[in-house]
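Here's the letter readout for the chains.
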Amino acid sequence: MGEIVLDQVTKTFGHVQVIPPLDLQIEDGEFVVFVGPSGCGKSTLLRLIAGLEDVTTGEIRIDGEPATHTAPAKRGLAMVFQSYALYPHMSVKKNIAFPLKMAGLPQSVIEEKVENAAKVLNLTDYLDRRPGQLSGGQRQRVAIGRAIVREPSAFLFDEPLSNLDAALRVNMRLEISELHNSLKTTMIYVTHDQVEAMTMADKIVVLNAGRVEQVGSPLDLYNAPRNLFVAGFIGSPKMNFIEGETAEAHRATTVGIRPEHIAVSTDAGSWAGVVSVAEHLGSDTLLHVQTENLGTLTARVDGEFSVRHGSRVFLTPQEDKMHRFDARGLAIR
Amino acid sequence: MATTHSRAAARLMLSPAVLLLLGWMIIPLSMTIYFSFLHYNLLIPGTHDFIGFANYSYFLTDPAFFAALFNTLLLVGGVLAITIVGGVLLAILLDQPMWGQGIVRILVIAPFFVMPTVGALVWKNMFMNPVNGLFAHMAKALGLQPFDFLAQAPLASIIGMVAWQWLPFATLILLTALQSLDREQLEASEMDGASPFSTFFYITLPHLARAITVVVLIQTIFLLSVFAEILVTTNGGPGYATTNITYLVYAQSLLQFDVGGGSAGGIVAVILANIVAIFLMRMIGKNLDI
Amino acid sequence: MARASSNRRKTVVTVLAWAIGLLIFFPILWTVLTSFKTEAEAVASPPSFINFHWTLENYAEVQSRSDYFRHFLNSVVISLGSTVLGLIIAIPAAWSMAFVPAKRTKDILMWMLSTKMLPPVGVLIPIYLIFRDIGLLDSLLGLIIVLMLINLPIIIWMLFTYFREIPGEILEAARMDGAGLKAELLYVLTPMAVPGIASTLLLNIILAWNEAFWTLNLTAAKAAPLTAFIASYSSPEGLFYAKLSAASTMAIAPILILGWFSQKQLVRGLTFGAVK
Ligand SMILES: Nc1ncnc2c1ncn2[C@@H]1O[C@H](COP(=O)(O)OP(=O)(O)OP(=O)(O)O)[C@@H](O)[C@H]1O
Ligand SMILES: [Mg+2]
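Residue numbers (this note's numbering), protein chains in the order written: chain A, 1 to 333; chain B, 1 to 290; chain C, 1 to 276.
Careful: at least some of the hints might be erroneous.
List of simulated lysine-lysine pairs, DSS-like, C-alpha gap at most 27 angstroms [claimed, not checked]:
1. K113(A) x K94(A)
2. K74(A) x K10(C)
3. K182(C) x K94(A)
4. K182(C) x K113(A)
5. K74(A) x K101(A)
6. K182(C) x K93(A)
7. K101(A) x K182(C)
8. K321(A) x K238(A)
9. K74(A) x K184(A)
10. K74(A) x K113(A)
11. K184(A) x K93(A)
12. K101(A) x K119(A)
13. K119(A) x K184(A)
14. K264(C) x K116(C)
15. K10(C) x K182(C)
Because the hints were derived from the structure by calculation, they are not lab data.
Next up, chain A with everything else stripped away, as it sits in the complex (with noise of 0.2 angstroms):
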């Protein structure tokens, strides 16, 4: 159970509309991604699921009830912020059963389930110390283990891994995608992070100034981008855009190619440039080549592709892989 139906959903602050009217099915036991720049409205549109904010007009269905007026508690939706919002004053035993207790179970069952969230999520050791005495990505685990614990229809997760450093970031990725496995529970994830995005989602939400720009799985977005907006976000480094002759050519008003699509000699091809700046990666080299009419393109090479700033270099697009957009933006087929 965990099917979240989104009906012309709005939402206006004062004067300012954050949401116009949107559509969104998130299927029972998905994991569902939202992301998108920085203000687009990826909280906002959380907090709407999660009724901590009212929508302005619109419903929301979850698992076919109307839930747009109905608590935030009544969802049968857990939530992990981002500053994790664990309670300071309480252990970590007493943060984790605290939902349980406001839903009033005894607590024989209170203590079960605690101490199988606490197994589950390696927090045994901890169960006594309070949230100042744990480490970050401990922290993290304790707001999932007050979530896990009231075994909600869905996970709501509010850029949850933004405050870690990034070695702990990939193992609480890996934890969260295992948890996801297990529970089969639908789970709605919001971040920034391309890397997060892509490998945690069954789906992907593309927002930009809280429309949906493109819904689907993310090799669907990487190949396919609905129009420029998405094919720029997704993929990093960014795609390429070329316009003026050279899209004209391919009958479009802009043409993409991303960064690995893109061939890079010392002797021919089709683009000549310059190497302006080379990234290397180790395992690959990221080279930003300033061409004589095309401007800066980036391409990423083989680690072991030896240039340096100033390398005289030729470019030569994969034409299958090559993406055609219209003067509105949107792709062609």
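Chains B and C with the ligands: place on chain A using the hints.
Below, chains B and C with the ligands without anything else, positioned relative to chain A:
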């Protein structure tokens, strides 16, 4: 948080405080304004004639008013000058590494907790008294003539007493502000070859600007209405030497029972306080981030 | 800086700071010492510092002459009463401004601060007359109300600055966890705000205890707190230094001790959170 329901609840929870303060401001103030236009003396019952601005012209042309205005300004200005200069110096001293810093802090802050009537009486009798006061003993020990503080330098003596009470406050606030100064900034300026002197003027003092503003604001609020210290030491005298506006209005209304005249004085005090307040609120409004 | 010179510097600073600290504290110390002297010793020249005949008779005499305990109780009732009443009104107000801010929240806060600028003499007469007419003159209730009102802006500001530091997400988490408004206040907000509320309480007790405009002008005999009790020592009758000292010591000791505990909060409370 921000659902319609919680917004309505929030309004409801805020309203008692707003209504009370509004009432506290408007009701008595409008009564004072009303009284200030009446010939109204508690000793002459029954006469409440409307006399226009007569109370004001009486109050404002009374030589006592100018004396009181001048005394008020001197009192506020003098105490502010002493406490801020002293407070900055003391705060810098207390910010240095030392042994027993906690105890010194406790010693320095203590006068702030002494009630004004106690502080003033102790200073008046046990220190400034020309016969039995400690200062008189000290003068005699040095072979000097004892100085009668409250007779010969009454206002300065009161400024001294009040400054003693407020110096701790200024020091504590400035010290707190000082402790939030980034150590790395000081180290950077040391690396840049700045002398301690220029470090003070270019880094420490600007950092303290906001705290100083706050000290000026808060102290001014309280210093404009210094009352108890005057009441228990000099009763405004000798002559009008230590009468400030607050004390003058008090004397007019509760000693001479002249409600009309006292009210006019009260309104003058409110207007003066507002002029000062507008300046101060401008200053601090910018400094307060909410 | 070399170790030795830094140590020498620390010594100099320590000596200087202690000297100034003791100087500032001296009037209080001297008062306390004098309170244990006989009246004759209190005015002896040269004065003795500690080698005098210690006695408690001044305390007994102050109590029997001007009934210290009654005034003390009045002070306690007035300062506690006005503070608790103020908190009851201020907690909801500060809560709503901190967690459900509206466009005008800042203006309301500034306006509340501005009511603090109203000089008490501006409203002395009406309050005096109103109180006289409804029988609140020289009553504890009257003083509780007035002191509550004059300190309300400070209480609200102080609580506001504490509440503002409680992340809103925690309250939202509580709501997601199924806590209603009551449970939220009881289990989450209050425990987190207890230190803030306690320091607000402390600071306002101090301010109310030492308030000496309204307490002097609105009381006569019945409701007079310690500020007025001490003021009755302003006209000397014979030898009275030791008794004055004993009375003073008794008037300031309770609050001095409270004050020492709350000095950190004092900064925050009296600066409306502008300095931390
Ligand atoms: N309570 C509010 N009142 C007014 N405007 C708001 C409020 N909350 C959010 N907004 C506005 O709504 C827009 C969307 O905000 P939201 O927090 O949903 O963005 P976001 O996509 O989560 O951004 P980020 O990635 O930076 O977290 C922003 O322009 C923001 O300024
Ligand atoms: Mg966000």
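For each hint, the structure was consulted:
| no. | hint | verdict |
| --- | --- | --- |
| 1 | K113(A) x K94(A) | holds, 12 angstroms |
| 2 | K74(A) x K10(C) | violated, 62 angstroms |
| 3 | K182(C) x K94(A) | holds, 18 angstroms |
| 4 | K182(C) x K113(A) | holds, 25 angstroms |
| 5 | K74(A) x K101(A) | holds, 15 angstroms |
| 6 | K182(C) x K93(A) | holds, 22 angstroms |
| 7 | K101(A) x K182(C) | holds, 14 angstroms |
| 8 | K321(A) x K238(A) | holds, 14 angstroms |
| 9 | K74(A) x K184(A) | holds, 21 angstroms |
| 10 | K74(A) x K113(A) | holds, 20 angstroms |
| 11 | K184(A) x K93(A) | holds, 25 angstroms |
| 12 | K101(A) x K119(A) | holds, 20 angstroms |
| 13 | K119(A) x K184(A) | holds, 18 angstroms |
| 14 | K264(C) x K116(C) | holds, 22 angstroms |
| 15 | K10(C) x K182(C) | violated, 53 angstroms |
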